[in-house]
Amino acid sequence: MDLNTVWFVLVAVLFTGFFFLEGFDYGVGILLPFLGKKDEQRRAIINTIGPVWDGNEVWMITAGGALFASFPHVYATLFSGFYLALILMLAALILRGVAFEYRSLRDDPAWRNRWDWAIFVGSFLPALLWGLTVGNLMCGFAIDAHMNYWGGLIPLLNLYSILGGLVFVALFTMHGANFLALKTEGDIAARAKAMGSKAWGLATALTVAFVIWTFFETDILTKSGVNGLIPALLAAVALLLSGWFNKTGKDGWAFIMGSLTVVFATVMVFAGLFPRILISSIDPAFSLTIQNAAASPYTLKVMTIVAAIFVPIVLIYQIWTYRVFRQRVEADPETLIY
Amino acid sequence: MDPLIFARWQFAVTTIFHFFFVPLTLGLSIFIAILETRYVCSGDEMYKKMAKFWGKIFLINFAIGVVTGIMQEFQFGMNWSEYSRFMGDIFGAPLAIEALLAFYMESTFIGLWIFGWEKLSKKVHLATIWLVAFSANISALWILIANSFMQHPQGYMLDPASGRALMSDFAALVFNPNVIFQFPHVLAAGVSMAGFVVMGFSAWHLLRRHEATFFRPAFRMAAIFGLIGSVLVGAIGHFQGQFLVVHQPLKMAAAEALWETEGPASLSLFAIPNEEQQTNAFDIAIPYMLSFLSYNNFTGEVEGIKGLVAKAEAEYGPGDYIPPVALNYWAFRVMVGSGSLMALIALLGVFLSRDHRLDERKVFLKAVTYSAILPYLAATAGWILAETGRWPWIVYGLLKVEQAVSPNVPAWNIVLSLGLMTLLYTVLTITALKLGLEYGAGAVEIGKTAVAADE
Numbered sequence: 267m268d269l270n271t272v273w274f275v276l277v278a279v280l281f282t283g284f285f286f287l288e289g290f291d292y293g294v295g296i297l298l299p300f301l302g303k304k305d306e307q308r309r310a311i312i313n314t315i316g317p318v319w320d321g322n323e324v325w326m327i328t329a330g331g332a333l334f335a336s337f338p339h340v341y342a343t344l345f346s347g348f349y350l351a352l353i354l355m356l357a358a359l360i361l362r363g364v365a366f367e368y369r370s371l372r373d374d375p376a377w378r379n380r381w382d383w384a385i386f387v388g389s390f391l392p393a394l395l396w397g398l399t400v401g402n403l404m405c406g407f408a409i410d411a412h413m414n415y416w417g418g419l420i421p422l423l424n425l426y427s428i429l430g431g432l433v434f435v436a437l438f439t440m441h442g443a444n445f446l447a448l449k450t451e452g453d454i455a456a457r458a459k460a461m462g463s464k465a466w467g468l469a470t471a472l473t474v475a476f477v478i479w480t481f482f483e484t485d486i487l488t489k490s491g492v493n494g495l496i497p498a499l500l501a502a503v504a505l506l507l508s509g510w511f512n513k514t515g516k517d518g519w520a521f522i523m524g525s526l527t528v529v530f531a532t533v534m535v536f537a538g539l540f541p542r543i544l545i546s547s548i549d550p551a552f553s554l555t556i557q558n559a560a561a562s563p564y565t566l567k568v569m570t571i572v573a574a575i576f577v578p579i580v581l582i583y584q585i586w587t588y589r590v591f592r593q594r595v596e597a598d599p600e601t602l603i604y
Numbered sequence: 079m080d081p082l083i084f085a086r087w088q089f090a091v092t093t094i095f096h097f098f099f100v101p102l103t104l105g106l107s108i109f110i111a112i113l114e115t116r117y118v119c120s121g122d123e124m125y126k127k128m129a130k131f132w133g134k135i136f137l138i139n140f141a142i143g144v145v146t147g148i149m150q151e152f153q154f155g156m157n158w159s160e161y162s163r164f165m166g167d168i169f170g171a172p173l174a175i176e177a178l179l180a181f182y183m184e185s186t187f188i189g190l191w192i193f194g195w196e197k198l199s200k201k202v203h204l205a206t207i208w209l210v211a212f213s214a215n216i217s218a219l220w221i222l223i224a225n226s227f228m229q230h231p232q233g234y235m236l237d238p239a240s241g242r243a244l245m246s247d248f249a250a251l252v253f254n255p256n257v258i259f260q261f262p263h264v265l266a267a268g269v270s271m272a273g274f275v276v277m278g279f280s281a282w283h284l285l286r287r288h289e290a291t292f293f294r295p296a297f298r299m300a301a302i303f304g305l306i307g308s309v310l311v312g313a314i315g316h317f318q319g320q321f322l323v324v325h326q327p328l329k330m331a332a333a334e335a336l337w338e339t340e341g342p343a344s345l346s347l348f349a350i351p352n353e354e355q356q357t358n359a360f361d362i363a364i365p366y367m368l369s370f371l372s373y374n375n376f377t378g379e380v381e382g383i384k385g386l387v388a389k390a391e392a393e394y395g396p397g398d399y400i401p402p403v404a405l406n407y408w409a410f411r412v413m414v415g416s417g418s419l420m421a422l423i424a425l426l427g428v429f430l431s432r433d434h435r436l437d438e439r440k441v442f443l444k445a446v447t448y449s450a451i452l453p454y455l456a457a458t459a460g461w462i463l464a465e466t467g468r469w470p471w472i473v474y475g476l477l478k479v480e481q482a483v484s485p486n487v488p489a490w491n492i493v494l495s496l497g498l499m500t501l502l503y504t505v506l507t508i509t510a511l512k513l514g515l516e517y518g519a520g521a522v523e524i525g526k527t528a529v530a531a532d533e
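Chains A and B supply the protein sequences, listed in that same order.
Take the first sequence: its position 5, counted from the start at 1, is 271 in our numbering, and no numbers get skipped.
Take the second sequence: its position 170, counted from the start at 1, is 248 in our numbering, and no numbers get skipped.
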């Protein structure tokens, strides 16, 4: 494998990690106002991701940084092209990050309720907008011969990509509910399970529609060479199993299968794109690929060495963190950390 | 409408807001780590209480620092896509490394620190806060390596086909001489800011006779912190200035509002620069002093703006090469003035906090409370000088700001995002200040883990 391919895979791995981890994070944020009836319940829900959400968000920052370092043209084209969508997402993420920290600083129900809705918006919007972005990556957008996209926000709001956004929201909500069923007790866990079952139905319906549309709208599942068909099938199997495990009360397995759904769906997208990263809908020759958009061989070599050393270290301490906080969080005012 | 001016404003707003919150976390994380070390070594519960109390102030700042940092990273692709295309090969690497080396570590271990008091052994818990302090400062190092490439590019070669700058020497990128000055300067600034914020809150409580046993030792430690930080920041800054006289002479000439070449050059103390007529309407100056500061001798010739502009035009072609002189002149004075005042106050603080009579020094304590604003003024002014003084270059000598902006983002998009972000930042900053003050002043109970000052 040449280094360009290595970095394509590494970027795909970073986005997979990001969607898997922030997926349940966003899901928990979306469900927070609905599953938590009392303050200590909401606090317990937040505390299931409290120690880890920040580390999860770094997956997105690192994915962005890695894109910048390894495929600077992709970084430039994508971020300037999706300008308004990104700004909206950043505003939402800013609100969300601050909300986790600030909600507890005043013991006032109205104050806390406001921040809880900020967490909801801050989780819902990024989920929707990432889905929208991925939808547009799959169907391509109007990139010109100089790698610039001039169309603004409106053409990005096509129905196919909006459906992609809704798939993300539904999948992440399900993923978050599965996570909460695993990490909470009593009332909340029961409500999370019921919600997980509903979200599973919605996610399955939307995903099926989206995959069928993808088959006709894009070449992600059909192009010759590497394509997304096999990971798409694996994602479908995992999704079905996740629903079945949810019904039979196997929370751990339901979460694992939901996670695999997210992982395989992301793999499907990147496999379908390869070796392109951004598809031009004007002319396939204008697409940004792992060759024409890449950093120099020297930079890729330096970055490969850095990544080979530090990615494993990051994985070790993040996995250790999840082990430290593996217990369920009780909605008990005596033990909750605010 | 020209998008350039709005993109520049957005860069300014993002950077200033971001750096309003970050330096405190650099120094305060070290401060808290020292407190917890004393707790673990001595077993004295008061140090644990102190670590938790200042930890909350840390977290209020950390939260905003993180989220404004995402904008700081992403704006290069959003507003400055041409910059990202032409410099991304070399500039993207330190940003990615920063995330990989530092952000992961900082955000993971801060989570462990907050939620791990009961779950981790004392020593492991102590290690988490030291790792937070270490990674916070490592992240500063990598972002400054990136900034130093913009200030003093090296380790690159220009690709003749595409005109892009390609990384040719990673070691030269990392060991940029600009970093050797800039990193310790920023680190010391963070330490001094932590010192002054802790001193400020402690003075406020001591004035009200709240828990003197809690706040008196904090004050003393913070005064030492503030003194070390502000003396170092000034000393390093001096050498950094001498480096810039050689490598970015126009920035320093603008910072001194020195229009004509002088040898020996005098140091201006108070001037009203007139940028249209390229002269100073009013000027009080100390003879020989600028030569001394620039070269360690009293006769060295310091080149003025007019001469330097002629040289720049000869080298790079005609164009506007004069940084905003009044802005740089005053930013420089605000920075140096605040820093000097801080060194003085911290010195007095160390001296006066030797014994319990500190509580009776009402005037001094009141002054210290207000002086917590000084490091913020200094840090903001410092970045204004560092970034606007580089005009017209986004990468010094290589790429002009006007060539770097995204061609495909219309002005109204930037205006919209600038408005949204400014509004959001303003609301959040006011909230952060209010919460910081409320909490630091002990007025709020935070759940049941609150360390109320009056308990």
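Derived from the structure by calculation, the hints contain no laboratory data.
One or more of the hints may lead you astray.
Said to hold, decoys possible - Straight-line alpha carbon distances no greater than 20 Å define the calculated DMTMM-like cross-link-like pairs of lysine to aspartate or glutamate that follow:
hint: 1; chain 1: B; residue 1: Lys478; chain 2: B; residue 2: Glu391
hint: 2; chain 1: B; residue 1: Lys197; chain 2: A; residue 2: Glu600
hint: 3; chain 1: A; residue 1: Lys303; chain 2: A; residue 2: Asp374
hint: 4; chain 1: B; residue 1: Lys389; chain 2: B; residue 2: Glu338
hint: 5; chain 1: A; residue 1: Lys516; chain 2: A; residue 2: Asp453
hint: 6; chain 1: B; residue 1: Lys197; chain 2: A; residue 2: Asp453
hint: 7; chain 1: B; residue 1: Lys512; chain 2: A; residue 2: Asp373
hint: 8; chain 1: B; residue 1: Lys478; chain 2: B; residue 2: Asp398
hint: 9; chain 1: B; residue 1: Lys130; chain 2: A; residue 2: Asp373
hint: 10; chain 1: B; residue 1: Lys512; chain 2: B; residue 2: Glu480
hint: 11; chain 1: B; residue 1: Lys512; chain 2: A; residue 2: Asp374
hint: 12; chain 1: A; residue 1: Lys567; chain 2: B; residue 2: Asp237
hint: 13; chain 1: B; residue 1: Lys127; chain 2: A; residue 2: Glu600
hint: 14; chain 1: B; residue 1: Lys478; chain 2: B; residue 2: Glu196
hint: 15; chain 1: A; residue 1: Lys304; chain 2: A; residue 2: Asp598
hint: 16; chain 1: B; residue 1: Lys384; chain 2: B; residue 2: Asp398
hint: 17; chain 1: B; residue 1: Lys444; chain 2: B; residue 2: Glu289
hint: 18; chain 1: A; residue 1: Lys304; chain 2: A; residue 2: Asp410
hint: 19; chain 1: B; residue 1: Lys130; chain 2: A; residue 2: Glu600
hint: 20; chain 1: A; residue 1: Lys567; chain 2: B; residue 2: Asp247
hint: 21; chain 1: B; residue 1: Lys197; chain 2: A; residue 2: Glu596
Practice problem: State the violated hints by number, sorted upward, taking the hints as numbered earlier in the document. | Solution: 6, 10, 14, 18
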